[in-house]
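**Student:** Given next are the chains, with one letter for each unit.
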Amino acid sequence: GESVGLHLPTLSVQEGDNSIINCAYSNSASDYFIWYKQESGKGPQFIIDIRSNMDKRQGQRVTVLLNKTVKHLSLQIAATQPGDSAVYFCAETPSGAGSYQLTFGKGTKLSVIP
Amino acid sequence: DAGVTQSPTHLIKTRGQHVTLRCSPISGHKSVSWYQQVLGQGPQFIFQYYEKEERGRGNFPDRFSARQFPNYSSELNVNALLLGDSALYLCASSFSRAGYTFGSGTRLTVV
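Chains A and B, in that order, are what the protein sequence lines are.
According to the numbering used here, the first sequence holds residues 16 to 129 in order.
According to the numbering used here, the second sequence holds residues 7 to 117 in order.
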């Protein structure tokens, strides 16, 4: 079936470097995408979202890029900090009134080396 | 402001037993969704409720059921527990697609 997946299961970066986490999706009906951060023992925490009518969206130290042609999503974290260490999930939801169902990828574990 | 609260935080049950998990949404949120997260994987959608009506159901057996109360809180029930039901059960509340907020979950262990 259609699903959201990630290219890299683990990522180690040096503190201060930039991090890039990738995600591929296959549901062409998806029109809203969200990145979540999940720390150990906690629920997923919203980071940033993007709608399918956009290619790029920036937040504080984070940027999400959407390439609809190849159905690819990425999360860029600038100046990665130890507190960024966590598992990152991309999630998608299709269009449609009341469609609140999220489909998550498997996650990428980000480890920040001090 | 209180976030999404779930209870209990941890639970150990025996195979074949029944379990009820509870969720209180953020004030003003009328939609509650339930997700199952097996260790090492992303959350999987179980149910969504909006205004006390089921709006969506994931690929889970009929042993799983849920309901939403007039105050928008929700319960997830699982009957005839299996070892494979061991997971983190997450509740999320929202007022729109853009407003999803997750609780910290209930860790269920079936032995």
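No wet-lab data here; the hints were simulated from the structure.
Treat the hints with care, as some may be off.
As the list claims (entries may be wrong) - Listed next, with one range per pair, are the computed distances between beta-carbon atoms:
1) B:Glu57 to A:Gly56: 30 to 36 Å
2) B:Thr20 to A:Asp32: 27 to 33 Å
3) B:Arg69 to A:Lys57: 25 to 31 Å
4) A:Glu54 to B:Thr115: 34 to 40 Å
5) B:Glu81 to A:Gly31: 42 to 48 Å
What the hints assert, rightly or not - Below, computed lysine-lysine pairings styled on DSS-like, alpha-carbon distance capped at 25 Å:
6) A:Lys86 to A:Lys121
7) A:Lys71 to A:Lys86
8) B:Lys58 to B:Lys36
9) A:Lys86 to A:Lys124
10) A:Lys83 to B:Lys36
11) B:Lys58 to A:Lys86
Every residue gets a Cβ at the ideal spot worked out from N, C-alpha and C, and that includes glycine.
**Student:** What hint numbers does the structure not satisfy?
**Tutor:** Going through the list in order, the structure violates hints 2, 4, 10, 11 and respects the others.
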